[in-house]
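Chains S and V, in that order, are what the protein sequence lines are.
Each residue of the first sequence is one higher than the one before, counting from 78 in my numbering.
Each residue of the second sequence is one higher than the one before, counting from 78 in my numbering.
If you're looking for bench data, these hints aren't it; they were derived computationally from the structure.
Fair warning: there could be bad hints in the mix.
[Unchecked claim] In silico SDA-like cross-links for lysine to any residue, where the CA-CA straight-line distance does not exceed 20 Å: (1) 87/S with 182/S; (2) 182/S with 112/S; (3) 263/V with 466/S; (4) 273/V with 544/S; (5) 404/S with 366/S; (6) 366/S with 355/S; (7) 255/V with 259/S; (8) 258/S with 273/V; (9) 448/V with 414/V; (10) 273/V with 539/S; (11) 359/S with 529/S; (12) 381/S with 403/S; (13) 263/S with 414/V; (14) 263/S with 250/V; (15) 541/S with 497/V; (16) 255/S with 250/V; (17) 255/V with 106/S; (18) 106/S with 129/S; (19) 87/S with 125/S.
Number of protein chains: 2
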Amino acid sequence: MRIKEILKLKGENQTIKARGWIRSVRNSKAFSFVVLNDGSCQGTLQVVMNSDMEGYEEASSLLVGSCVEFTGELVASQGKGQNVELQAKGVHIYGKTDENYPLQKKATSLEFLREQAHLRPRTNLFGAVFRLRHQLAMATHQFFHERGFYYLNSPILTAVDAEGAGEMFNVTTFDLEKMAKGSFDKVDYSRDYFGKPTNLCVTGQLEGECFAMGMGSVYTFGPTFRAENSNTPRHLSEFWMIEPEVAFMDLEGNAELAADFVKYLISYAFDHAGDELEALQKYHQFSAKGTNEKYENHLLVLEKVKDSTFERITYSKAIEILQKSGKKFDFSPEWGVELQTEHERYLAEEFFKGPVTVTDYPKDCKAFYMKQNDDGKTVRAMDVLVPGVGEIIGGSQREEDLDKLIKRMDEMGMEKGPLWWYLDLRRFGSAPHSGFGLGFERALRYISGMKNIRDVIPFPRTPKNCDF
Amino acid sequence: MRIKEILKLKGENQTIKARGWIRSVRNSKAFSFVVLNDGSCQGTLQVVMNSDMEGYEEASSLLVGSCVEFTGELVASQGKGQNVELQAKGVHIYGKTDENYPLQKKATSLEFLREQAHLRPRTNLFGAVFRLRHQLAMATHQFFHERGFYYLNSPILTAVDAEGAGEMFNVTTFDLEKMAKGSFDKVDYSRDYFGKPTNLCVTGQLEGECFAMGMGSVYTFGPTFRAENSNTPRHLSEFWMIEPEVAFMDLEGNAELAADFVKYLISYAFDHAGDELEALQKYHQFSAKGTNEKYENHLLVLEKVKDSTFERITYSKAIEILQKSGKKFDFSPEWGVELQTEHERYLAEEFFKGPVTVTDYPKDCKAFYMKQNDDGKTVRAMDVLVPGVGEIIGGSQREEDLDKLIKRMDEMGMEKGPLWWYLDLRRFGSAPHSGFGLGFERALRYISGMKNIRDVIPFPRTPKNCDF
Numbered sequence: 078m079r080i081k082e083i084l085k086l087k088g089e090n091q092t093i094k095a096r097g098w099i100r101s102v103r104n105s106k107a108f109s110f111v112v113l114n115d116g117s118c119q120g121t122l123q124v125v126m127n128s129d130m131e132g133y134e135e136a137s138s139l140l141v142g143s144c145v146e147f148t149g150e151l152v153a154s155q156g157k158g159q160n161v162e163l164q165a166k167g168v169h170i171y172g173k174t175d176e177n178y179p180l181q182k183k184a185t186s187l188e189f190l191r192e193q194a195h196l197r198p199r200t201n202l203f204g205a206v207f208r209l210r211h212q213l214a215m216a217t218h219q220f221f222h223e224r225g226f227y228y229l230n231s232p233i234l235t236a237v238d239a240e241g242a243g244e245m246f247n248v249t250t251f252d253l254e255k256m257a258k259g260s261f262d263k264v265d266y267s268r269d270y271f272g273k274p275t276n277l278c279v280t281g282q283l284e285g286e287c288f289a290m291g292m293g294s295v296y297t298f299g300p301t302f303r304a305e306n307s308n309t310p311r312h313l314s315e316f317w318m319i320e321p322e323v324a325f326m327d328l329e330g331n332a333e334l335a336a337d338f339v340k341y342l343i344s345y346a347f348d349h350a351g352d353e354l355e356a357l358q359k360y361h362q363f364s365a366k367g368t369n370e371k372y373e374n375h376l377l378v379l380e381k382v383k384d385s386t387f388e389r390i391t392y393s394k395a396i397e398i399l400q401k402s403g404k405k406f407d408f409s410p411e412w413g414v415e416l417q418t419e420h421e422r423y424l425a426e427e428f429f430k431g432p433v434t435v436t437d438y439p440k441d442c443k444a445f446y447m448k449q450n451d452d453g454k455t456v457r458a459m460d461v462l463v464p465g466v467g468e469i470i471g472g473s474q475r476e477e478d479l480d481k482l483i484k485r486m487d488e489m490g491m492e493k494g495p496l497w498w499y500l501d502l503r504r505f506g507s508a509p510h511s512g513f514g515l516g517f518e519r520a521l522r523y524i525s526g527m528k529n530i531r532d533v534i535p536f537p538r539t540p541k542n543c544d545f
Numbered sequence: 078m079r080i081k082e083i084l085k086l087k088g089e090n091q092t093i094k095a096r097g098w099i100r101s102v103r104n105s106k107a108f109s110f111v112v113l114n115d116g117s118c119q120g121t122l123q124v125v126m127n128s129d130m131e132g133y134e135e136a137s138s139l140l141v142g143s144c145v146e147f148t149g150e151l152v153a154s155q156g157k158g159q160n161v162e163l164q165a166k167g168v169h170i171y172g173k174t175d176e177n178y179p180l181q182k183k184a185t186s187l188e189f190l191r192e193q194a195h196l197r198p199r200t201n202l203f204g205a206v207f208r209l210r211h212q213l214a215m216a217t218h219q220f221f222h223e224r225g226f227y228y229l230n231s232p233i234l235t236a237v238d239a240e241g242a243g244e245m246f247n248v249t250t251f252d253l254e255k256m257a258k259g260s261f262d263k264v265d266y267s268r269d270y271f272g273k274p275t276n277l278c279v280t281g282q283l284e285g286e287c288f289a290m291g292m293g294s295v296y297t298f299g300p301t302f303r304a305e306n307s308n309t310p311r312h313l314s315e316f317w318m319i320e321p322e323v324a325f326m327d328l329e330g331n332a333e334l335a336a337d338f339v340k341y342l343i344s345y346a347f348d349h350a351g352d353e354l355e356a357l358q359k360y361h362q363f364s365a366k367g368t369n370e371k372y373e374n375h376l377l378v379l380e381k382v383k384d385s386t387f388e389r390i391t392y393s394k395a396i397e398i399l400q401k402s403g404k405k406f407d408f409s410p411e412w413g414v415e416l417q418t419e420h421e422r423y424l425a426e427e428f429f430k431g432p433v434t435v436t437d438y439p440k441d442c443k444a445f446y447m448k449q450n451d452d453g454k455t456v457r458a459m460d461v462l463v464p465g466v467g468e469i470i471g472g473s474q475r476e477e478d479l480d481k482l483i484k485r486m487d488e489m490g491m492e493k494g495p496l497w498w499y500l501d502l503r504r505f506g507s508a509p510h511s512g513f514g515l516g517f518e519r520a521l522r523y524i525s526g527m528k529n530i531r532d533v534i535p536f537p538r539t540p541k542n543c544d545f
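Extracted from the complex, chain S is given alone in its bound form:
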């Protein structure tokens, strides 16, 4: 039985087995107390070993991290903090640890634990993070499934630079060593695996549009990649993205869907990972002690967002607010330039004191595929900004008019050839459609309150870091 189920039992003296990893051992004269966790939940099981138990000597000398199975009687606990405890009658040792075990009480900085990413799911903190991650993934599927969306696995390998940003990883089966040794005028891609230059996807949106234009409502939830040289607490080279795409939906519907989704994620976390959120909050509170960082209970912020109405303003209005704010920004807000995080946070945290969706950005700030407004200057883009983070979602209504789309691609100097199929969507049975993207780790960082995005993904990939 897993500890999650054991902790739900009443201590009615039934005999059970409990397995897991030792979190701590405390020895007194006649007893030994072991705290056991098996990862099934945030809670731990207290095991009491009497000194006359068979194997007591070996068991009471086990170190933190050892893997054991106890057989014993589950009884009501006298101690604080638990309802039941296990009176051990026997013990089986699966695997010991020694003093080299990296997860000692003292050595638990987040930086250090990142270097021990294979072991960190055994800690209280990362157990909470990764169970929360699981619940939010389930929430994502449930949210879209309930609304009649179909899950789409957009391709990871692609020959298209969908964002036109160019920060992509090359994929090849060429032997790089051999390649470097030779001296050629040109690479003969016809001899590469796919017969042409190939990259890792930066988005699944364009393929999402193909499917929306036939299946109505779809969403992707898969890995995407950016080869930017960004070493920040907000950037990963490999991250999971959620991208719904909906036929016949305009920007209004898109903004509503995005707000509903964010609120759903938060509610689901409270409902399905309450213990984990609480453990995280306590961790943040504890970490802030003795530092200069201002501690703010992030659960209260989430509670507020969960029940709020998302404000909606245009980009032009946002610029006006920022310019009139009297606030000193590092970058002075100016029409025509993308909002900076400091601007976004001012709007959400100080001006609206809640989530706000900014729409109708200057076309030059945004990608080629966004629906052009009649003013000739702005596009039907939207960014959802939340307190504490800034932008958490970016999306748009897509340009469904073939001529306008081609004109925009030409203006931007884009090659149309590789996107013939994308243009086909406008050529044959075109329809209005919209969608957005939510970086799963950005959302998880927000809801967990973890400061570094590397601490919410199992094995983070960042510049010069591809361990495990």
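Chain S is already provided as a structure; the job is to place chain V on it using the hints.
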């Protein structure tokens, strides 16, 4: 309202709007019949336009694939095959098609549709395939979630060759053109994005083990990659894999979990994609007509598997059965050699007439990480074989003993350095654990009855093919 919901209504003369893509238009003197599909379900809505309807002339001349919105009254239908139909009062045309629209009635070979992968979700057949795909993805999450497993996103980018098979895609941010032009003795990987040679993952298992050894039961469901030069109806270069990994589970438990999972997938498909399965079955039946192919109703095969007990035999016993079968195989079955698909299919289809799990393979047939049996010759591997396909799942109990694992890696000439973290799992708090892998597209091919695996993934990637 989506057509899925519309078709559930009774025809009580309510006024509704229906949007979608035209599947067919049939004109008579006074009426026009339009068949409309919006991808929300297998069903279509019949729309009747009276010739006195505003915009009738344009609407009745629309070609297949056009995207429209009808407003009208939903009434009980007199015609066969539908309960309700829409009496159109008005029409709005979103996007027309012309005679260049590729999805004409005549041109619908699967090969041709693969070249139109951006449009094929609009067809009856691929609508069925991709809605079924969605349902089986949901089934997967639900199956594991219900059993207390946590979803793990194992990394896609990796510096490890986890299977030791070497058929991997290289990932780099080096400019290949520049690289080819130079002439260097060695590649200076310290200047590459990750500072070392990096590949796309072939499995998430090793990382799954890290998480199982702390969170108990986990599963991955993500893309994996093989750079094999295999152009077959069973191989993809990019495919989605499901890999559960469970602490304290032995091979018996693993085999049970695998059988339960396969049966769950099939049951879920019948329960949640019945219309799609039926459409697929009809397609297969229709396709077999006038060919030499023997048609077998694959739904009857699935029904049987769903309710069957999976037989269990050892590899040694399997070899014995094959050798005694009197059957002529292309490859003669011999102890020590991996089973061929023809062997697997004989076992499942002819001998056991149902699914069978083969265990305890010769160690030289299998990967380094499998638990070694005491006989010194075999390992605790298992393959699940099903009629019609052969192997659908491969798994094993993992070697949890550090010394045995190191000895095996040495025997196989493996470098231990890159796997220090994997060895740590045995060094600190080791425990018995097991898991398996199911190729999602293999399962989908099996359940859909589609013959080519390229037809069950949205945008297939195979040698020389990375379009869209």
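> Taking each numbered hint in turn, which are not upheld by the structure, reported in ascending numerical order?
Replying inline: 1, 3, 5, 12, 13, 17
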